[in-house]
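S.K.: Chain by chain, the residues:
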Amino acid sequence: AQSVAQPEDQVNVAEGNPLTVKCTYSVSGNPYLFWYVQYPNRGLQFLLKYITGDNLVKGSYGFEAEFNKSQTSFHLKKPSALVSDSALYFCAVRDAGSARQLTFGSGTQLTVLP
Amino acid sequence: DTEVTQTPKHLVMGMTNKKSLKCEQHMGHRAMYWYKQKAKKPPELMFVYSYEKLSINESVPSRFSPECPNSSLLNLHLHALQPEDSALYLCASSNRRVGSTEAFFGQGTRLTVV
Chain G
1 AQSVAQPEDQ VNVAEGNPLT VKCTYSVSGN PYLFWYVQYP NRGLQFLLKY ITGDNLVKGS
61 YGFEAEFNKS QTSFHLKKPS ALVSDSALYF CAVRDAGSAR QLTFGSGTQL TVLP
Chain E
1 DTEVTQTPKH LVMGMTNKKS LKCEQHMGHR AMYWYKQKAK KPPELMFVYS YEKLSINESV
61 PSRFSPECPN SSLLNLHLHA LQPEDSALYL CASSNRRVGS TEAFFGQGTR LTVV
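Residue numbers (my numbering), protein chains in the order written: chain G, 1 to 114; chain E, 1 to 114.
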């Protein structure tokens, strides 16, 4: 089985401050992990992924995420938030050894306050 | 070209109507997906096509009928829908090669059933 949890429905942060959006996962084998962002009335936009290799993954628009196997986490981070980062963020996981499709987390609404 | 194009962007249909949603990609991806998304919720997988063959049907009611005419096109035929089927319908595609497994999403069709 595979699952992913985003424990925070809403994250508020001031512009210019660092932001973190949390994600934990559960898979039987090795995980493929993804972050997607969704702006209002738009489709999901791929930000970054962890497949293998370096635990720190850098993605689009200055976002990065750190894969932590011992804590089964893949938190999304950005050193300095922008108002334009305000959106709905989804973490997703797939068990690399499984034919199953992506499992999405419940989503976290990020609001960056000016 | 990293785009997945969906038409129409908006659709209002009555419960006795027949309509179709269309999706097109020219990235050479051989896996294509239909998702249904309710407001502020994660996408729910409906169908997966792999090499133009239906590989996954997530117990979707028969009033939704997918079709994959060729490797670039994916359709979703709608008939006798219910108001609760109103949602954002997202098409996605992915490259099946290991290490390049993120999905690219279209902007969606906002469907309203009246």
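Treat the hints loosely; a few may be bogus.
In silico EDC-like links for lysine to aspartate or glutamate, alpha-carbon gap of 16 Å or less [said to hold, decoys possible]:
hint, chain 1, residue 1, chain 2, residue 2
1, E, Lys41, G, Glu8
2, G, Lys58, E, Glu102
3, E, Lys41, G, Asp9
4, G, Lys49, E, Glu102
5, E, Lys40, G, Asp9
6, E, Lys40, G, Glu66
Keep in mind that the hints were calculated from the coordinates and are not lab data.
S.K.: Holds or violated: lysine 40 (chain E) with aspartate 9 (chain G), Cα cutoff 16 Å?
M.R.: Between lysine 40 (chain E) and aspartate 9 (chain G) the Cα gap is close to 10 Å, so the pair holds against 16 Å.
S.K.: For the pair supplied as a hint, lysine 41 (chain E) and glutamate 8 (chain G), confirm whether the alpha-carbon distance does not exceed 16 Å.
M.R.: holds (13 Å)
S.K.: If you draw a straight line from the CA of lysine 41 (chain E) to the CA of aspartate 9 (chain G), is it 16 Å or shorter?
M.R.: holds (10 Å)
S.K.: Are the Cα atoms of lysine 49 (chain G) and glutamate 102 (chain E) separated by 16 Å or less?
M.R.: OK: lysine 49 (chain G) and glutamate 102 (chain E) at ~7 Å, within 16 Å.
S.K.: Given the proposed pairing of lysine 40 (chain E) with glutamate 66 (chain G), does the C-alpha separation stay at or below 16 Å?
M.R.: Distance of about 25 Å is beyond 16 Å: violated.
S.K.: Keeping to a limit of 16 Å between CA atoms, is the pair of lysine 58 (chain G) and glutamate 102 (chain E) held or broken?
M.R.: The hint holds at about 15 Å.
When each numbered hint is compared with the structure, a violation occurs for hint 6 only.
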